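Here are the chains, one letter per residue:
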Amino acid sequence: MDTFRRLLITAVLAGVIAGVFVTVVHQIATIPVILKAEVFEKAAETAPAVGNSATADGSAMSTTEHDHATGEAHEHDEGGWEPSDGLQRNAFTAAADILTGIGFALLLAAAYAARGTEMDWRKGLFWGLAGFAVFTLAPSLGLPPEVPGTEAAPLMQRQVWWVATVALTGGGLALIFLTRQILWSVLGVAMIVLPHAYGAPQPVEHHSAAPEALAHSFIVAATMTSLLFWVALGILTGFFFKRQFKAA
Amino acid sequence: MQINSSTLTHTVQNQTAIGSTSKADAKLGIFCAAFLGVALIWGVGFSHINVFHNAAHDTRHSNAFPCH
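The listed protein sequences derive, respectively, from chains P and C.
My numbering applies: residue 1 is where the first sequence begins, and numbers increase by one.
My numbering applies: residue 1 is where the second sequence begins, and numbers increase by one.
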């Protein structure tokens, strides 16, 4: 398990540093937008309930039916432990960011080892950019980053589409960049296009509790923080991978 | 992304980078690393367990993982 040990050390070092870095970036760029959106989400949750109990007119009924039909936007409020706002919530976000960093760093390091070519920080940067394309850009085309309180298709359908899109985009890019034959490249492009031709699962009707401007600024913030994360993770994994494996 | 490596570089690198460890060790290590990576990402970003979701809520939104 010597290889695994080296890969794990590479991933933990890179993942922790990139995770701490992106935690700071999230605090600046995405968390404030999430908190603002939650104010609208909470207001929207209480408003229909009052309307329904007060009147039983057509509009209130249709709102109720709609919520039951889609029902996905409010799932997380149905109970269970959640961190209290402030320090505790931010601590869990930091932990989740770091674990995500280690997880993606493990995938990158495994890919470097499988590829078997010499690595350095700069080559790592390009792998990081590929990771950004695979794990952020491609799925975001069909399922853009969403603030809390956005109506969306059932969670399971979106997760399946997300995983399929990531797998096809990653496989497609690998065929394009890592093989030298035109047929494989054409197949790679087809694989990247396929999930978007099929289409991402969409809600019955689009609705967001937050104003459109807020939703839009979140798309920009989430995409840019993700780019910074992947650039950092690529550079760091390339750097630490080189150090771990050159001593062997 | 490294795309210009010849087969020769590939082989030499396998010997020097992965070192004296066996090919089987390398394969097992790569598999374990990738599996652990997927498991971590799944737990943080995709698990339906409510506590996991609530703890990682802001990370899930910030990473544009399908949420709620």
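Don't read these hints as lab results, they were simulated from the structure.
Errors might be hidden in some of the hints.
What the hints assert, rightly or not - Covered by chain C, per the in silico footprint, the following chain P stretches (three or more residues, Cβ under 8 Å):
hint, segment
1, 1-7
2, 39-46
3, 82-89
4, 184-197
5, 204-216
Claimed, not checked - Here are the computed distance ranges between Cβ atoms for each label pair:
hint, chain 1, residue 1, chain 2, residue 2, range
6, P, Val-220, C, Ala-24, 22 to 30 Å
7, P, His-206, C, Ile-49, 25 to 33 Å
8, P, Gln-181, C, Gly-43, 33 to 41 Å
9, C, Val-51, P, Pro-154, 19 to 27 Å
10, C, Ile-49, P, Gln-157, 51 to 59 Å
11, C, Lys-23, P, Trp-81, 27 to 35 Å
Here the structure is a predicted model, which means the values were calculated and not measured.
Glycine included, every Cβ here is placed at the ideal spot set by N, Cα and C.
Just tell me: holds or violated, for the beta carbon distance of Gln-181(P) and Gly-43(C) against 33 to 41 Å?
-> Distance hint for Gln-181(P), Gly-43(C) holds at roughly 38 Å.
Range hint 25 to 33 Å: satisfied by the CB atoms of His-206(P) and Ile-49(C)?
-> Because 28 Å falls inside the window, the suggested range holds.
Quick one: see if chain C covers the segment 1-7 of chain P, three-plus residues with Cβ-Cβ under 8 Å.
-> holds (count 7)
Take the C-beta atom of Val-51(C) and the C-beta atom of Pro-154(P), compute their distance, and say whether it sits inside 19 to 27 Å.
-> Holds, at about 21 Å.
Are at least 3 residues of the segment 82-89 of chain P within less than 8 Å of chain C when you compare beta carbons?
-> holds (count 3)
Verdict on chain C covering the segment 184-197 of chain P, criterion of 3 CB contacts below 8 Å = n = 0 at 8 Å, threshold three: violated.
Starting from the range 27 to 35 Å, see whether the pair Lys-23(C) and Trp-81(P) falls in it by beta-carbon distance.
-> violated (46 Å)
Is the distance from the Cβ of Val-220(P) to the Cβ of Ala-24(C) consistent with 22 to 30 Å?
-> With Cβ atoms ~47 Å apart, the hint is violated.
For the segment 204-216 of chain P, do three or more residues have a beta carbon lying closer than 8 Å to a beta carbon of chain C?
-> Since three or more residues must qualify, the claim that chain C covers the segment 204-216 of chain P is violated, with 0 doing so at under 8 Å.
Supplied distance hint 51 to 59 Å, evaluated on CB atoms of Ile-49(C) and Gln-157(P) | Check failed, 19 Å falls outside 51 to 59 Å.
Confirm or reject the coverage of the segment 39-46 of chain P by chain C under the rule of 3 or more residues with a beta carbon closer than 8 Å to the chain's beta carbons.
-> violated (count 0)
In summary, the numbered hints that this structure violates are 2, 4, 5, 6, 10, 11.
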